[in-house]
Amino acid sequence: MTKGKKPPHLLERLLRSILPRYLGDTVLGDFEEEYDLIANSKGHRHANLWYFTQILKSLPPFVCDAIKWGVVMFRNYMKVTLRTIGRHKVFAFINIFGLAVGMACVIIIMLWVRYENSFDRHHEKANRIFRIAKESHAYPPPRKSAMTPPPLSPALLQEFPEVEASVRVCGRSGTLFSNDEKHFLESYYAVDPSFFKIFTVSFVKGDAGTALNDPYSIVISEKIAKKYFSNRDPLGEVMQYDQKTDFKITGVIKNMPSNSHLMTDIFMPYETWAKLSNTNMENWWWNGFYTYVLLRHGTDPPNIEAKFDAFAKKYGIPTEKLFLQPLQSIHLHSHLSAEISRNTHISTLILFGSIAVLILIIACINYMNLTTARSSVRLKEVGTRKVVGAHRSQIARQFLGESTMMSLFSFALSLFLAFIFLPFFNSLAERQLSLSWESLTQILPSIVFLVLSVGLFAGSYPAFLLSSFKPITALRGIKGRGTHKTGLRNVLVVVQFSVSIILIIATLVVRNQLDYIKDKEMGFEKDQIVVVTVHGDEIYENVGPVLEQLKMNSRILYAAPSQFLPNDVKSSTFAGWPGMPKEIDIRINAGEIGYNYTDLYGIEIVKGRSFSREFPSDESGAFLINETAMKAMGEHFQLGMGFSHWGSPDPKGKIVGVMKDFHLLSLHEEIKPVYFYLNPNQGVRISMKIQGGNIPETIEYIRETMKKFSPNYPFEYRFFDDIFNMAYMDEQKMEKILALFGLIAIFIACMGVFGLSAFLVDQKRKEIGIRKVLGADVPKIVYLLSKDLVRLVLLANVIGWPLAFYAATRWLQNFTYRTKIGLGIFLLSAILILFVSMGTVSYHAIKAALANPVEALRYE
Amino acid sequence: MKFLSRPEEIILFAVMNLKEKAYSVPIKKKVSEISGKKWSFGAVYVPLHRLEKKGLVRSHLSTPTQKRGGRSKRIYEITPAGLKSLAEVRELQKNMWAEEPEFSLE
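Those protein sequences? They're chains A and B, same order as listed.
Per the numbering used here: the first sequence = residues 1 to 860.
Per the numbering used here: the second sequence = residues 1001 to 1106.
Derived from the structure by calculation, the hints contain no laboratory data.
Heads up, the beta-carbon is just placed ideally off N, CA and C, and yes, glycines get one too.
Fair warning: there could be bad hints in the mix.
Claimed, not checked - Per label pair, the in silico range of CB-to-CB distance:
hint, chain 1, residue 1, chain 2, residue 2, range
1, B, Thr1063, A, Asn490, 18 to 24 angstroms
2, A, Ile67, B, Leu1083, 25 to 31 angstroms
3, A, Val72, B, Thr1063, 21 to 27 angstroms
4, A, Leu440, B, Lys1053, 23 to 29 angstroms
5, B, Leu1083, A, Arg83, 49 to 55 angstroms
6, B, Ser1005, A, Arg83, 45 to 51 angstroms
7, A, His391, B, Ser1104, 48 to 54 angstroms
8, B, Leu1083, A, Val72, 36 to 42 angstroms
9, B, Asn1017, A, Lys42, 23 to 29 angstroms
10, A, Thr441, B, Lys1053, 52 to 58 angstroms
To be verified - If we take Cβ atoms under 8 angstroms as the criterion, some of the chain A residues that face chain B in the derived model are:
hint, residue
11, Asp25
12, Thr26
13, Gly29
14, Lys57
15, Glu525
16, Asp527
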């Protein structure tokens, strides 16, 4: 007889898997024989069809069976799980609480990531809206900026048929808005009327299409409407701008969503604003505005960008490279200079996301370690199950189910934890995230994934290990392999502590850098300096009388107006002097200051003198430059030489002195050349050096003075050191978040060690008893019990150090001026973690060492 | 006393008839021949299983053969109790029809 024909392999396996096991083999054999018969008589197709029908016929009993036994076994597993939890409360607590903390971290970070990702998605035409930004090659080095000149928008609309609409946006703050009863300082946007055609802004009252068409119309948000008009209908009412110009309210919008990079409560027409503020709308070099375009359907952005070079040439700005930024990518991916609002860096999301996941992994490791270490406790159960017929896969499934159930319990607890800690996170991240049903359902798929993956991941190793025991070993009650085979468990502990160490070192490095910033000699003083902003046209034109009045108080040592504070002289231009060689280009930062500014801030003069009333000629044009500028000028420098800006050779004044270098920008950047020009009676801000003692009274005096000169403006003051520290907000927040995560990581890792050592000490009770009887003292026994852990922690240090060093070095490269990463930090973190982990272990170790050996040995 | 059902009777008969070759495939073939209808495997397995439970047949696994993918057959064998049951239904049949010797469909 020829070799029998066989049914397709796949079908056969399928059938085998659904047939009851007691029928299995012989029945398959029967089917194969019959298949051969049919195939020979009626052909393969017929046989296949027949075979397939057999499978279908076997399905219903199989399904019923599976459901029935599934339920029965599930009830059993559930019962066993609950009993295990009840019997070992400490372990269960460590497992569930650890997992819950890890999950809470992940849930909070998920909410945050979802929020950061949702920026600018609410605009209906979002995928066709682009911002025009540019890279300026006018002077090296090239500078990328989000700001563009005012004539760009109309020119784009005219030159590119692909552009459906374009808009200029100008954001300003600190302007006085008033109606008959109320006046406040507000921020506002000046925009072209097309703004509401391009962006989706929902109007409560008024019409989006025509709202800003009238030159003296204004659109306000519900928040502003409530603030100024309480419950009155604001439509048609008048708002006064800067105490000069009346605007009629033509629209009220819903408050703009916070997840939008464009955010304001007041819109006014751009052209009117330009007229009121004397802005030259034709100046192609006045980069003070944001330009957005709406492209027509089906336009390919690179096609437009390709034509930008020719466009720039035509309009006389050949050095400016324009490019398009998709609206939705701005918040996470655009980090140009002069962004309209603070964007989030995508790497921050990735960093904190990965830390949260790492913490969760640490918690999962606890679960694996505690479950496998205690495997001997459950050996009898596994053995019995196997003897009465459990398959290995069933045992594995049981333990996976158990861990998934733990994961579910933890999830319930983690929601609670996340709810408690969310306000704290919100204050750190400056967000208003909420844990509502709505937000939860939005991240539901991720949550289901989270719970399942935690359950399966944490349960994988225990399931694999526990199901591998032979029933005979398991039942004989010999302490199985699980207890002694500690290799993988040690690896996992090392991983936990490495992560903890990296986080501690990172925290300490950030802390060190912040201290470094605080203690670094900046070249100017920071203490007891009060800063107020000047409001109102009259005193803005001449602050002289204000200064006079301020100086009458003996507690105010100096008062000086200025354009910038010495830690943030950000505007820049080009140096120029008579006879300057053509090839020299010195980009120089610039600011205007009044008399006494250098004394007030304690800026040292190394050559010449500071501005002084004793030299009346100063008021007709005088400059102070810093050492870096002097060095940049090299041999051309001469005290008393003529000097100018915009690279112009016509002198605007004389250089009267050279200042010692100070950090005019944040420590992220190096010290640049800078000049100060004397402008004795004008300035956006007035700085005052005040005497210590009775500061509230001095502040009150300043308040009265300011009220006298600008009565309609609310009085606001700030201390310079606060302003200074604000510049390092991101770093401070980073430190707090890292420290928090670091603590959580150590905490969970130590909980795991606590559980593990409790168990191991218990296992060694007899050994300890015998040793004590033979004369071992307490320290020796504590040493015996904790030496393994110390070894692991030391190993974790060895692994953690280089990784932490690498990460810290990368981070510090953000700063031009940075602290050194000393060995101290590493040693400190090593000692800290050794101390904490030793403390954890020694609780059990000392307890065991002090116990009476009789207790342990009695039953032998 | 309990009588065999018809399928059980037919299958039991086939097991007896096939002697040492009695396993599911030939049994199925045999009962199909006897009854002139197609029997499915399920229709064979279930009564066989029941017969075994009643102790009318017993079974053992044969040594695996090359055919059937190396799987063994479950060979059935009629027990004395099985033989007795068959005899009973045969007797019953005979007794019943003895009363109507003239019966015919025509």
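Against the structure, the hints:
1. The beta-carbon spacing between B:Thr1063 and A:Asn490, approximately 51 angstroms, falls outside the hinted interval of 18 to 24 angstroms.
2. For A:Ile67 and B:Leu1083, the hinted distance range of 25 to 31 angstroms is not satisfied, since their beta carbons lie about 41 angstroms from each other.
3. At about 37 angstroms, the beta-carbon gap between A:Val72 and B:Thr1063 misses the expected band of 21 to 27 angstroms.
4. At about 55 angstroms, the beta-carbon gap between A:Leu440 and B:Lys1053 misses the expected band of 23 to 29 angstroms.
5. Between B:Leu1083 and A:Arg83 the CB atoms are about 54 angstroms apart, so this pair conforms to the stated range of 49 to 55 angstroms.
6. At about 48 angstroms, the beta-carbon gap between B:Ser1005 and A:Arg83 stays in the expected band of 45 to 51 angstroms.
7. In this structure the supplied range 48 to 54 angstroms is violated for A:His391 paired with B:Ser1104, their Cβ-Cβ distance being about 59 angstroms.
8. At about 41 angstroms, the CB distance of B:Leu1083 to A:Val72 agrees with the hint of 36 to 42 angstroms.
9. For the pair B:Asn1017 and A:Lys42, the beta carbons lie near 27 angstroms from each other, so the given range of 23 to 29 angstroms is met.
10. Checked against the given bound of 52 to 58 angstroms, the beta carbons of A:Thr441 and B:Lys1053, roughly 54 angstroms apart, stay inside it.
11. This hint holds: A:Asp25 has a C-beta 5 angstroms from the nearest C-beta of chain B, less than the 8 angstroms allowed.
12. The closest approach between the C-beta of A:Thr26 and any C-beta of chain B is roughly 4 angstroms, which is under the 8 angstroms cut-off, so the hint is satisfied.
13. Here the hint on A:Gly29 is kept, as its CB sits about 3 angstroms from the closest CB of chain B, short of 8 angstroms.
14. At its closest, the beta carbon of A:Lys57 sits 6 angstroms from a beta carbon of chain B; the interface hint therefore holds under the 8 angstroms criterion.
15. Contact between A:Glu525 and chain B, as hinted, is not supported at the beta carbon level, the nearest pair being about 92 angstroms apart and thus beyond 8 angstroms.
16. The beta carbon of A:Asp527 is not positioned within 8 angstroms of any beta carbon in chain B (closest approach about 91 angstroms), and the interface hint is therefore violated.
The structure shown violates the earlier hints numbered 1, 2, 3, 4, 7, 15 and 16.
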